[in-house]
Amino acid sequence: MADCRTTAEQAEAGRHRCAVAIGAPAVLWLTVFFLIPLGMAAVASLLTAGGYGGIEPPVTAANYLRIAGQGTFGFAPVYPLILGRSLLLGLVTTVLCLAAGLPLAFWIARLPGMFKTIGLTLVVIPFWTNLLIRTYAWQILLSPEGWVTGVARWIGLVDPGAALYPGMFAVSLCMLCDFLPFMVLPLYVSVEKLDASLVEAAADLGANRWNVFRHAIVPQIRSGLAAGVTLVFLPATGQFVIPDLLGGGKTALLGNLIQQQFGPSMDWPFGSAIAMVTLAVVLLGLWVASLMGGKQGGAELL
Amino acid sequence: MKTRSGTLHGVSVALLGFLYLPIVVVIVYSFNATRHGVAWSGFTLEWYRALLGNDLVLAAVRNTLWLAGASTLISTVLGTLLGCGLDRFRPAGRRWCGRLLQLPMVMPDIVMAVALVILFSLVRRWTGWFQLGMGTMVLAHVTLEIPFVAIVVRSRLAGFDSSLAEAAQDLGASRFQVFWWITFPLILPGILVGALLAFTLSLDDFVLSFFTTGPGASTLPIFIYSSVKRGITPEVNALSAIVIAFSIVAIVILTLLQRRWLR
Chain A
1 MADCRTTAEQ
11 AEAGRHRCAV
21 AIGAPAVLWL
31 TVFFLIPLGM
41 AAVASLLTAG
51 GYGGIEPPVT
61 AANYLRIAGQ
71 GTFGFAPVYP
81 LILGRSLLLG
91 LVTTVLCLAA
101 GLPLAFWIAR
111 LPGMFKTIGL
121 TLVVIPFWTN
131 LLIRTYAWQI
141 LLSPEGWVTG
151 VARWIGLVDP
161 GAALYPGMFA
171 VSLCMLCDFL
181 PFMVLPLYVS
191 VEKLDASLVE
201 AAADLGANRW
211 NVFRHAIVPQ
221 IRSGLAAGVT
231 LVFLPATGQF
241 VIPDLLGGGK
251 TALLGNLIQQ
261 QFGPSMDWPF
271 GSAIAMVTLA
281 VVLLGLWVAS
291 LMGGKQGGAE
301 LL
Chain B
1 MKTRSGTLHG
11 VSVALLGFLY
21 LPIVVVIVYS
31 FNATRHGVAW
41 SGFTLEWYRA
51 LLGNDLVLAA
61 VRNTLWLAGA
71 STLISTVLGT
81 LLGCGLDRFR
91 PAGRRWCGRL
101 LQLPMVMPDI
111 VMAVALVILF
121 SLVRRWTGWF
131 QLGMGTMVLA
141 HVTLEIPFVA
151 IVVRSRLAGF
161 DSSLAEAAQD
171 LGASRFQVFW
181 WITFPLILPG
191 ILVGALLAFT
201 LSLDDFVLSF
211 FTTGPGASTL
221 PIFIYSSVKR
231 GITPEVNALS
241 AIVIAFSIVA
251 IVILTLLQRR
261 WLR
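In order, the protein sequences belong to chains A and B.
Quick note on our numbering: the first sequence kicks off at 1 and runs consecutively.
Quick note on our numbering: the second sequence kicks off at 1 and runs consecutively.
Keep in mind that a hint or two might mislead.
To be verified - To be clear about the criterion: a stretch of chain B counts as covered by chain A if any three or more of its residues have a C-beta under 8 Å from a C-beta of chain A, and this derived list gives those stretches: (1) 19-25; (2) 81-90; (3) 96-104; (4) 108-118; (5) 205-214.
Stated by the list, open to error - Each pair of labels, with its calculated beta carbon distance range: (6) A:L35 / B:G42: 53 to 59 Å; (7) A:L88 / B:S41: 39 to 45 Å; (8) A:L88 / B:K229: 24 to 30 Å; (9) A:L291 / B:A245: 38 to 44 Å; (10) A:V92 / B:A245: 28 to 34 Å; (11) B:F18 / A:A196: 26 to 32 Å; (12) B:D87 / A:I118: 33 to 39 Å; (13) A:V95 / B:D87: 33 to 39 Å.
I should point out that these hints are in silico values taken from the structure, not numbers from a laboratory.
Positions of the beta carbon are idealized from the N, C-alpha and C atoms, including for glycine.
Looking at chain B on its own, in the form it has when it is part of the complex (with noise of 0.2 Å):
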């Protein structure tokens, strides 16, 4: 019994080591002294001095916050409401929505993408709508985040007890006082979370706005698949160290602000 334990210890560490093979090694040869080749050649905050100074980088960047940011917005307002929604719907409606939710969910994202490069070209063609740009990316990146937004709400709302917004109505408020005063505070830890985990599935995707995206408006992920393509350079991997670096923070908070409201 103890040997068997002790492998299934060294089995799993392992198994956690070779999940943290890919990002160490970004980190590690984002401090790498020379451009080219694998070799080891000296500790350099080089290639992050160099970030600062690239206008592509920098324009990169502002994009990938201005679309997670308007994309987060739009589906925790949007979610939101459907998780609240969606329990009061009659049982075949509800039914529906769950599949309507899961599908985007599980479906590989470059179906989603090609079925609204579609959309939007038929619409440009008629209408002259939908320019591919920041405002297409943003719309695909809303139909994303969502479902996820929508489920964590619903799933908060399903531990509340209603007996609370029941009294309430019972003492003469109105529908949008009980909204406001009992069931947007119960809920709010919910939608939190929602909104970081919306956040960072927009900061995550790179498919999705590699179809979507127009002239002029690139993200980090597009630009480091634009220069993974070319060769990778010290500064790609300097990028995406910053890029591990943010996600581990955002993820962090995530578990944190869940152990303490979601449990």
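Extracted from the complex, chain A is given alone in its bound form (with noise of 0.2 Å):
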């Protein structure tokens, strides 16, 4: 018997062994080309930029004094401003799909059998549409003769002539449309999960509409509502091609900013500070999303 044991533990340990051995180069991969140049992107951050994006010594704090806010003449608002914006738009954008993603997720999680399939794969297209396309179309639907402002301009809302971007509201409504996707599909795994005795039971107990909604829905779809939140927020927060392409000068965001110092202006060691401040938000996201329940963010709708 004892050697019987021994066998069953050699093969655990075998099996161990072996599992190893097989999901060891795509750690390895992902340990040298994520990581690895994250931790190269922190070392960065604290050092000083040399001449066409060199990153030299001295070590030193100045990129994250001038995001928080330290000018060479005191403090200037620019980088605590667009921190702010960033984080504000991707809160706004959170918010809008959240309340377009639920009644869509349940209208879908409703549609009888053959329709659910069809509803369920109109929003799996946009989310693998490439996403600059969606993106510069809408430079041609809010343009003076763009289809969406020709009807706000009929409503009354601009006058002739006028276009709708570049501009923060251009930026917000197609981070709206290119997101979407991304709130709908978690929480319609959720939804599709829900059970209906309990909403109903709470109906039959007097609940109104609304403690129907937070006491009988929302517990039950938590896990979907959290992976939503994350699939939104955190990707928005970082977004360089849809400000890039719609928000004109005024409105730049991390992922912009980040770009600014990549590209034109030479600045890696300021670029990645920047970086870390979006990969600390990120950090930050995931947490709070783990709290809220959602043990892997967007993991369940593969």
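Put the two chains together into one complex; each comes in its own frame, and the hints tell you how they fit.
Here it is as structure tokens:
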């Protein structure tokens, strides 16, 4: 008997070794091309810019102080404003996507049979359609002769000849359109599994609609909410393409600031510092989402 | 109750319409005869014909497909192996690997891109490797795709009956034989779905390519971006419409595969 157990244990240990061996190449790859580069960026963020994208000693906290608002002549609010604007826009996008995503997810989940698959596919198609294309298309839609501008003019919201872009409105609208599928899909996965009898019980016991939603529905779809909020807020905060194409000069976000430092400004240490701040926001967001009840942000929709 | 569900119908259909507004506008204007402005002036296929004669576009198409193919191949092999091994890791290792896979999936791509730019530039200074171009773009894309493949394969494995593999092992099959004859055929659908996802991710990516590209290594998204920066032309709309058509076909195939195999 003792012998038998040893072989079982040996087999288990062998399986574990085998698993580590076949998992190792991918883990190694992600370490070399993901973790180590992030580590390098963290180090670079504490150094000084040399000429032509160089990174040189001495070690300094100046890059982070710059983000916090320290300018050559005292307090300069440019960078704190960009940080605040990015967080605010991320938040606004998340709230808009929640407001639009909840009804859409419930609607699809309640469609009968075949229509459900079609409805879901209709959300998945924009999800996987090139974000760059869906973004520049808004330049057409919001130009003075664009369809959306036309409707807005007809209602009387804009003057003839005026455009709805560039600006914060265009960026928010496009963010909503680009990120809505990222909210709908995880929500749908949760809503699909919703136990309707709990909702009916709450309604039968006299709960009003808000209380039914708050106490009978939200706890059941918590993991979908957490995944959706993660998948919208985190990428939205670091967006670079949308403000770049629709924002104009006065609406730079963290992503644009990073691009500027690695592009024309050639200040890699400062760019790295902004990237690290973005990373901190991401980690904070993931932590909050895990508190909300999502174990695997986004993993469940694959 | 009736009116409430009527409102839900209306709102949802309107939201779907909103989602498709940009896609529709690009396709519609790719057939518009006028070169400037957005006024409709008749149907034409002229811009599609012009694309075929544009060497820059054809090179970008070649680069894009090459990049997507190569990165899909590498990430599918590595991601599948990790997806198979992950559940046998010790709990602590599994937890850390889970985080390592989750982070690239939710992180703004620009952070990943600039971190890679730093790595490439430092290594290049010391060894001369990592000249920016197709090679560095493949490295970046594989890094993005591995987590997606690994998670799809792992979720496929999670629903699989391990007694089959144990029975084969008891009957004297080697570990490789068990993998090749039992595990592999069972997870093949998961691998194919993962590979298709990886391919689509690569086709969709702009930011990683934009930062890690080098001279002469333009992809379709890079080409579209630089054209749009100079002003939207009907040719760009035609090119985008083709890209959209490819995405739609890929997604319909993916959906059908998933319905058949993963349910």
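**Asked** Which hint numbers does the structure go against, in order from smallest to largest?
**Response** Of the numbered hints given earlier, the structure breaks none, since each of them holds.
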